[in-house]
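Novice: Sequences are here, hints too, so could you generate the full structure?
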Amino acid sequence: MPIPTARKSRLPRGAFPVGILLAVLLPLILMPLASIYVFAARSGWQGFVNALASPEAQFALRFSLLIALLTALINGGLGTYAAYVLSKYRFPGRDALNVVVNLPVAIPTVVVGTSLLLLWGPIGILGQFLAPLGISPMFAPIGVLLAHLFVTFPYMLGAVKPVLDELEVTYEEAAYTIGASQWTAFRFVVLPALRGGLFSGALLTFAHSLGEFGATILVSGNLAFRTQTAPLYIFAQFEAGNIEAANAVAAVLATLSFALFFALMRFNKKGARRDNV
Amino acid sequence: MSIILTNLTKRYNEHLVVNRVSLDIHDGELFVLLGGSGSGKSTVLRMIAGLTTPDEGTIELDGRDVTYLAPQARGIGFVFQNYSIFRHMTVLENVEFGLRIRKIKNNDRRRRAEEMLDLVGLAGLGTRYPLQLSGGQQQRVALARALVYQPAVLLLDEPFGALDVKIRAQLRASLKEIQRQLNLTTILVTHDQEEAFELADRIGVMDTGRLIEVGTSETLYYQPDTEFTATFIGGGNVLVGRKEHEWIRLGTAALPLPADIVAMDDGAPIRILFRPERTLLQTEPFQARDVHALGQGVVIEQIFAGAMQRIVLEMEGLRGVRAVAPRAVYGQSVTRIEVIQTGARAAERNYALGQKVWVGLRDFHVLEPAGLKVLLCVSQDPSGSLAAEMGSLLAQATHGSATLLHVVARSELVAPARAYLETLRRAYASRIPALEVRVRVGTSAAQILLEAQEGHYEVIALGQRASAETGYRGLGSAARQVLEQAEAPVLLAQSQRASFKQLLICTRGGEPGKTDVAFGGRVARRADAAATVLYVQTDQTTLEEQKRAARHLLQAEAALSVQGVRSKIKILDGGIAESILRQADADDADLIIIGAQAPRGRPRLRWQNLATQLVGSAARPVLVVPMNE
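The listed protein sequences correspond, in order, to chains D and Z. No gaps in the numbering here: position 135 of the first sequence is 135 in my numbering, and each next residue is one more. No gaps in the numbering here: position 263 of the second sequence is 263 in my numbering, and each next residue is one more.
For the record, the hints were derived by calculation from the structure and aren't laboratory data. Be aware that one or more of the hints could be misleading.
[Unchecked claim] Here are some, though not all, of the chain Z residues that point toward chain D, as calculated from beta-carbon distances under 7 Å:
| no. | residue |
| --- | --- |
| 1 | Phe-78 |
| 2 | Asn-82 |
| 3 | Phe-86 |
| 4 | Tyr-221 |
All figures in this text were calculated on a predicted structure; none of them were measured in a lab. Virtual Cβ for every residue (Gly too), placed ideally from N, Cα, C.
Specialist: Right, dumping it as structure tokens:
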């Protein structure tokens with residue numbers, strides 16, 4: 001049971017400032033969110049189900065989930081490894097590398113898409129050599145994956161590295177003196193300590209991948225039944241005027257995101273409680 | 001399992017953290033490395049464990065060279081100050097970890113882990129998680145975890161540092177018992193003397209990366225060799241007396257000179273240690289034959305501390321005797337000593353402040369002489385042997401020690417250089433019995449500077465060859481570099497003198513001038529030499545500067561007289577270098593001491609610098625003292 005703290009109970013009751021805040025938030029955030037569900041409900045349950053059942057919508061949703069899962073898995077491994085190296089080793093250029101790996105958060109996703117096209121595209125720096133071999137990473141599922149890996153790379157790192165930084169090196173050293181190899185020490189000493197960070201990092205990566213749009217639209221070519229993710233499907237259907245179809249998938253996406261978000265919040269709260277024991 | 005460390009050295013960014021530590025730890029011994037923070041004790045332990053790689057030296061475990069072996073392959077148990085037990089494993093899983101890695105069968109593993117928990121007093125707590133345990137219990141888990149796979153050596157790094165006093169005492173007792181029971185060679189690192197005394201079979205005292213002294217608690221407490229140990233361990237009185245025939249003269253008191261003291265000249269400083277609790281107080285003079293009377297003192301402080309009573313006395317008869325410990329308080333003119341009365345004596349006799357009482361010593365201990373430590377930079381030419389000649393004379397005059405250093409360019413020249421140093425060593429053995437010999441490979445200046453820093457030398461002796469050029473041009477390139485960069489004073493031996501009995505200290509007014517007066521005073525005090533403090537004023541000297549210089553000279557004279565150095569002060573007009581030479585001739589000075597300024601961030605010597613002007617033109621040894629502005 002939450003115990004009211006002294007500080008909280010001293011706060012004044014303010015109907016007016018709260019009212020203003022709600023008045024601002026209502027059109028900014030709350031109403032747009034609600035409208036998704038309102039529209040979804042308008043055509044009735046059957047219409048909603050029908051819209052979701054279309055093969056194109058089905059593909060887009062499954063493709064999105066698959067890509068998000070792969071992204072979370074791959075970046076889970078890569079991000080953890082990067083965090084370990086950046087946290088435990090000293091080398092020249094370490095600070096610079098630290099900035100570089102966090103850069104994807106700062107770059108507009110459209111720019112990411114463009115740069116990937118300029119590298120892997122048919123006339124890209126590397127792509128021009130692959131094109132004669134019949135390999136084209138762009139406008140293919142692998143291109144979408146590449147874009148998502150790029151865009152979500154910092155999330156895993158950001159969740160794991162602070163935990164690693166906090167973990168004193170003596171724990172690993174203790175394992176070494178006991179006789180554990182570096183891998184055993186990592187597997188049985190470091191990794192278990194990272195569990196929380198790994199989970200929340202993977203969840204964040206998954207959620208961001210699910211919603212990724214800017215980079216995906218450029219590298220995928222928005223090909224139905226091939227590279228079309230759920231957000232791209234929504235966009236395409238809207239443009240074609242099929243509001244109902246777009247709205248149904250949007251409602252599913254929103255619900256998924258809420259679920260992930262609440263899962264993350266609950267987990268973090270639990271983690272904080274456990275650490276305070 | 002014995003542990004042998006040989007010349008173990010570790011640097012971090014050119015900073016020496018561990019400096020040539022050699023140590024021999026016996027089978028089944030509990031050895032304690034004792035030192036303050038930053039003394040390098042933990043680094044030594046980490047190097048033995050393989051967690052830190054040494055830069056030089058070797059580590060042997062039971063005859064096997066493990067210097068570069070991975071920690072996993074050394075078979076040691078290590079206990080950290082922060083426990084470092086794995087938080088996501090239960091107590092039992094933590095202890096079993098070492099056995100699981102060694103692929104011990106499940107049943108066997110469980111049995112051995114539980115036996116070990118029993119041994120450390122944690123039976124029945126195996127299923128708990130570390131966060132459910134107290135600090136003391138966590139450290140017991142760490143101990144069990146380090147012992148369960150039967151390591152050959154147990155290493156503990158400040159294991160009780162994070163625990164409160166009561167728990168600490170319990171854990172110490174357990175550790176000692178377990179160590180005895182398993183007959184396990186153990187090294188424990190601590191800064192806590194009490195802990196060291198309670199646990200150790202032998203103690204090694206460390207300071208600034210060096211292993212100062214090794215011995216049992218009793219030896220280090222009552223008969224330490226060094227001043228550092230005498231003052232670092234326990235409270236103590238360290239006074240500096242002088243040899244006078246068969247006696248040690250301390251003001252009006254005289255103590256018999258122990259028979260085992262190596263031959264010393266009369267007047268040589270002798271530092272004696274007596275512990276506060278080995279002193280006697282009474283209201284009448286001492287008659288007993290087995291008590292050494294120290295004289296009468298006045299009680300100026302009395303502190304009741306439970307089982308004992310601490311008394312501070314001012315000893316009128318010891319006026320002028322330098323006390324290393326207790327440290328003189330600012331403005332104190334009479335030497336003070338500390339006395340501790342215990343048991344019935346403390347309860348029965350209560351002295352009033354200001355009361356006069358007689359002080360006697362049950363026993364006292366003579367510390368090893370601590371004169372200047374001189375680095376003799378020799379080469380196989382006349383100027384090189386001049387460095388050995390005058391440098392060893394300085395070391396002898398100050399009752400110090402010296403090392404002969406020969407730098408060679410290539411490693412195949414090491415053997416002939418060593419042979420040459422050996423002949424020199426024999427030649428000077430009568431002067432300095434413990435003359436050491438070192439050969440280094442590389443460029444002269446760099447190796448001299450490195451050796452000076454690593455060996456904590458107080459003076460670097462360089463030979464200055466006879467040359468037509470005087471001043472800066474007369475210096476060799478190595479000498480220039482050493483003069484510019486050395487942090488220790490440099491003795492430029494450019495002519496032979498029979499002794500160091502008359503010093504000429506050239507000084508400037510103001511704060512930097514104090515450095516060379518202080519060092520000159522040290523040399524004079526230890527060599528029992530007389531000194532002239534000289535200030536030269538030129539046409540450019542302002543009235544303000546003259547006044548400041550006069551004040552400075554008076555202070556210098558006072559400072560020297562406190563150190564027991566006979567001195568006179570002198571002010572001359574004219575050119576600085578000429579005036580110094582004139583005064584040196586007038587005094588027939590054996591040594592000219594002069595400060596060399598180091599302007600911030602710039603090399604200390606410029607060719608026009610005063611110190612270098614004396615090169616060649618003064619046919620006398622010059623001691624250049626680095627000063628920082």
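Novice: Taking the hints in turn, state whether each one holds.
Specialist: Hints, verified against the model:
1. Phe-78: 4 Å, holds
2. Asn-82: The hint holds - Asn-82 (chain Z) has a Cβ within 7 Å of chain D, the shortest such distance being about 6 Å.
3. Phe-86: At about 6 Å, which falls below the 7 Å cut-off, the nearest Cβ of chain D leaves the hint on Phe-86 (chain Z) intact, so it holds.
4. Tyr-221: With a minimum Cβ separation of about 33 Å from chain D (threshold 7 Å), the hint on Tyr-221 (chain Z) is violated.
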